[in-house]
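Q: Sequence:
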Amino acid sequence: MAPAFWLLLTYKVPSEPSRARVSVWRELKRLGALYLQQAVCVLPDTGEVAGDLDQIRQRIRSLDGTSYFFRVPSGDHEQDAALVESFREMAAKEYGEIAEECRTTFVKEIEFERFRENYSFEKAEEIRQDLEKIHRWFARVVERDWFGGHGRGECEQWLATCESLLEEFEADVHERASGTGRAGEAP
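The sequence shown stops at residue 187 when you use the working numbering, and every number in between is there.
In short, the hints are calculated from the structure, not lab data.
Everything numeric in this text was worked out from a predicted model, so none of it was measured.
Take the hints with a grain of salt, since some may be wrong.
Simulated crosslink set (SDA-like; lysine to any residue; CA at most 20 Å straight-line) [as the list claims (entries may be wrong)]: (1) Lys133 x Ser15; (2) Lys108 x Lys133; (3) Lys12 x Lys29; (4) Lys93 x Asp145; (5) Lys133 x Thr105; (6) Lys123 x Glu175; (7) Lys29 x Lys93; (8) Lys29 x Ser18; (9) Lys123 x Ala50; (10) Lys93 x Lys123; (11) Lys133 x Phe169; (12) Lys108 x Glu154; (13) Lys29 x Arg88; (14) Lys29 x Ser15; (15) Lys133 x Glu117.
For each label pair, taking beta carbons as the anchor points, the in silico distance ranges come out as [claimed, not checked]: (16) Val22 x Tyr68: 19 to 27 Å; (17) Ser86 x Glu163: 15 to 23 Å; (18) Phe121 x Arg26: 33 to 41 Å; (19) Lys108 x Tyr68: 42 to 50 Å; (20) Asp76 x Phe115: 52 to 60 Å; (21) Asp54 x Ala139: 21 to 29 Å.
For each residue, glycine too, the CB sits at the ideal point set by N, CA and C.
Construct the complete structure from the given sequences, taking the supplied hints into account.
A: Written as structure tokens, this is what we have:
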């Protein structure tokens with residue numbers, strides 16, 4: 001289950017401006033880094049991760065920071081299992097956040113627009129863009145879910161539900177708009 005090697009990065013970025021530290025942290029989180037402690041993170045040596053880390057190290061240098069990068073062989077089964085489980089938990093948390101976004105925000109938005117009878121093309125397009133953002137978020141999580149975090153299937157079901165709800169809403173928008181020639185008015 002564990003990769004043959006782990007990639008370990010330690011770094012230091014000047015404390016000011018704080019946005020520099022935050023930008024490095026954000027890039028590493030986007031890549032899927034697991035923080036072991038402040039400014040020390042680990043990633044599995046898979047795919048393009050090492051190349052992406054090189055780019056982040058260049059960014060750290062451009063901010064007058066320092067970094068050290070180590071390729072560490074796996075082999076300590078207990079430690080490897082703990083790291084794999086931590087990566088799974090991190091992915092599961094993100095899958096849970098996506099499912100929550102679908103349940104509480106996306107579904108409620110469509111319900112609210114139906115309640116308001118706001119059947120406009122503009123609103124349908126806005127909701128479509130919201131769903132596309134959720135799909136992109138899901139794709140990024142899947143990309144860095146190297147060890148099969150729990151919750152992916154539930155997310156896929158919620159995304160399918162959201163897609164179905166949006167298609168129904170878009171059909172209603174089209175039906176109502178084509179009856180009068182003007183979006184937002186009932187026939």
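Q: The structure should be examined with respect to each hint, and the outcome stated for every one.
A: Each hint tested on the structure:
1. At most 20 Å may separate the alpha-carbon atoms for a hinted pair to count; lysine 133 and serine 15 exceed this at roughly 32 Å.
2. Distance check on the hinted pair: lysine 108 and lysine 133 sit about 16 Å apart at the alpha-carbon level, within 20 Å; holds.
3. At roughly 16 Å between alpha-carbon atoms, lysine 12 and lysine 29 fall within 20 Å of each other, so this suggested pair holds.
4. With a C-alpha separation of about 11 Å, the suggested pairing of lysine 93 with aspartate 145 holds against the 20 Å cut-off.
5. Distance hint between lysine 133 and threonine 105 is fulfilled; the C-alpha atoms sit about 13 Å from each other, no more than 20 Å.
6. Restraint check for lysine 123 and glutamate 175: the C-alpha separation of about 15 Å stays at or below 20 Å, so the hint holds.
7. Taking the CA atoms of lysine 29 and lysine 93, the gap is near 13 Å; set against the 20 Å cutoff, the hint holds.
8. The suggested pairing of lysine 29 with serine 18 holds, with an alpha-carbon distance near 17 Å, which does not exceed 20 Å.
9. Straight-line distance between C-alpha atoms of lysine 123 and alanine 50 comes to about 42 Å, which puts the hinted pair past the 20 Å bound.
10. Our distance criterion of 20 Å between C-alpha atoms is broken by lysine 93 and lysine 123, whose separation comes to about 30 Å.
11. The straight-line distance between the Cα atoms of lysine 133 and phenylalanine 169 is roughly 18 Å, inside the 20 Å bound, and the hint therefore holds.
12. Annotation: proposed proximity of lysine 108 to glutamate 154 holds, straight-line Cα distance about 18 Å (limit 20 Å).
13. Pair hint lysine 29 plus arginine 88 holds up; C-alpha atoms about 14 Å apart against a cutoff of 20 Å.
14. For the hint pairing lysine 29 with serine 15, the CA-to-CA distance comes to about 19 Å; that is within 20 Å, so the pair holds.
15. For the given pair, lysine 133 sits about 24 Å from glutamate 117 by alpha-carbon distance, which is inconsistent with the 20 Å threshold.
16. A hinted range of 19 to 27 Å for the beta carbons of valine 22 and tyrosine 68 is consistent with their spacing of about 21 Å.
17. At about 32 Å, the beta-carbon gap between serine 86 and glutamate 163 misses the expected band of 15 to 23 Å.
18. The given range of 33 to 41 Å is respected by phenylalanine 121 and arginine 26, whose C-beta atoms sit roughly 35 Å from each other.
19. Against the hinted window of 42 to 50 Å, the Cβ-Cβ separation of lysine 108 and tyrosine 68 comes to about 47 Å, which satisfies the hint.
20. Roughly 56 Å separates the CB atoms of aspartate 76 and phenylalanine 115, a value that falls within the hinted 52 to 60 Å.
21. At roughly 23 Å, the beta carbons of aspartate 54 and alanine 139 sit within the given window of 21 to 29 Å.
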